[in-house]
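Participant: Listed here are the chains, written in short residue letters.
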Amino acid sequence: MSALVDELLAGKHSALARVITKIENRSPGYREIISDLHRHTGHADVVGVTGSPGAGKSTLVDKVAAEYRDRGLTVGVIAIDPSSPFSGGAVLGDRIRMASNAGDMDVFFRSMSARGSLGGLSTATTDAVTALDAFGKDVIIVETVGAGQNEVDIVRTADTVAVLVPPGSGDDVQMLKAGILEIADVFVVNKADLDGADRTVQQLREMLQGRGGTAGHHGGMGLERPGGDGDAGDDGDAWDPVIVETVANRGEGVDAFIEALAEHSDYLDRTGQREAQERERFAAEIRTLLREDANRLLSRELVQRGGIEQYVDAVVARETDPYTVVDDVLAPLRDCLDADHPR
Amino acid sequence: MSVEQEQAERTIRCLVAKVGLDGHDRGAHVIARALRDAGFEVIYSGLHRSPDEVVQAAVQEDVDVVGISILSGAHNTLVPKILDGLREYDAFDDRLVLVGGIVPDDDKAELREQGVDEIFGPGASMEEMITYIREHAPER
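Taken in order, these protein sequences are the chains called C and S.
Going by this note's numbering, the first residue of the first sequence is number 1, and it counts up by one from there.
Going by this note's numbering, the first residue of the second sequence is number 1001, and it counts up by one from there.
Misleading hints may appear alongside valid ones.
Claimed, not checked - Derived DSBU-like pairs: lysine-lysine, alpha-carbon spacing no greater than 35 Å straight-line:
hint : chain 1 : residue 1 : chain 2 : residue 2
1    : C       : Lys-22    : S       : Lys-1081
2    : S       : Lys-1108  : S       : Lys-1081
3    : S       : Lys-1081  : C       : Lys-12
4    : C       : Lys-12    : C       : Lys-22
Stated by the list, open to error - Rough simulated footprint, nothing fancy, chain S against chain C, three-plus residues with beta-carbon under 8 Å:
hint : segment
5    : 104-113
6    : 202-210
To be clear, the hints were calculated from the coordinates, so they are not data collected in a lab.
Glycine residues also receive a C-beta, built at the ideal position from the N, C-alpha and C atoms.
All chains, full assembly: derive it from the sequences and hints.
Facilitator: Okay, structure coming up:
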């Protein structure tokens, strides 16, 4: 095991920070590090927080982290911001809003940028969560802007997903319907002191009712249950998303939000969903890594054969076609696999 | 930008920190944007940070460059605290520490002696700073 891994497991902050850097950079050796760390994981509660820009995610995360600290828990936060498609650079500004936890090393806050690599970011985020989990964090919060499928994939690496919906986003609610709203276990209407908050809560409630009906659970009952024990007379096999109202900059509703997260966490344990989700995540991760690595092997093979351009030339000249090219390039691989496992 | 290129060229991470009571951050904003446009990842601290907070950010974000902007004249008390904090967390040796702002010549020598790598005063060009960072960012 590397010295860096030993230092991380011993609780050294700079080692944890360096491991995450290696993960982000895909530095040589980062895979071995993750392999070593994996068996030290599985203890943290992972919460995903997403929502449109300006919804107040960072402010809420700051207050939530402070509350967890008051309860004696340690917290890790990964905040993901977009990077410039032109320079690749980024200004990562979420740290500014972590004022409640300033100077408290037991809130480990790390900014990550998308670095232009779409598929890679969710792998990097998963690995960073692994590092924080192995370090011993009790709660890990992954915060990302809910802008697209990429973000949906990322927050799905969490046990519990919270989606922030700002008041007055009626049209947004419609727009988001088919995407990020579907993954929410907890809805947070932040800035609940603003005009239109009630209406937004109402819209969410209606949306959930509609969904409950079509999905065939509970006939559309048991919706908003902040603080309630829920699942009355239910065999507990389905989770009805909870709606929580907060005013994050004043710390209002933070307790209710944390309670909703805890309730969902209990639900995961009670129903065996946690294990099911974990299995699903690992399956997805294995598939992703297989795809990435196979891709890399094939890219190398393509270079060995003189690059893709000559194939393109031949296809353009109608001497061959893309299917035949792929067949040709994959032939040796297919032969190897067939030799191992004859059909 | 291909994946291969990205892997070959490491992304440099910089902290742009405003420390102490001085409330002028337009310069810090300009610098943050210029560094972003140069392809760096920039973590901006916000105003009125304590040395502890700057150290916390520099350690957790594992930045290559700690850029401290001070216009208030308090550099002699605040910068050494940051340097000590970095050393305490074993995060000093492989990090570039830059100071920007109004620093009298006499103080410059003193700060350098304590571990500051470079000081950029008024009139320093962005180009100069970016080139300096590219050339001196520590190998890891």
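Participant: Evaluate each hint against the coordinates.
Facilitator: Structure-based check of each hint:
no.	hint	verdict
1	C/Lys-22 to S/Lys-1081	holds, 28 Å
2	S/Lys-1108 to S/Lys-1081	holds, 16 Å
3	S/Lys-1081 to C/Lys-12	holds, 20 Å
4	C/Lys-12 to C/Lys-22	holds, 16 Å
5	104-113	holds (count 7)
6	202-210	violated (count 0)
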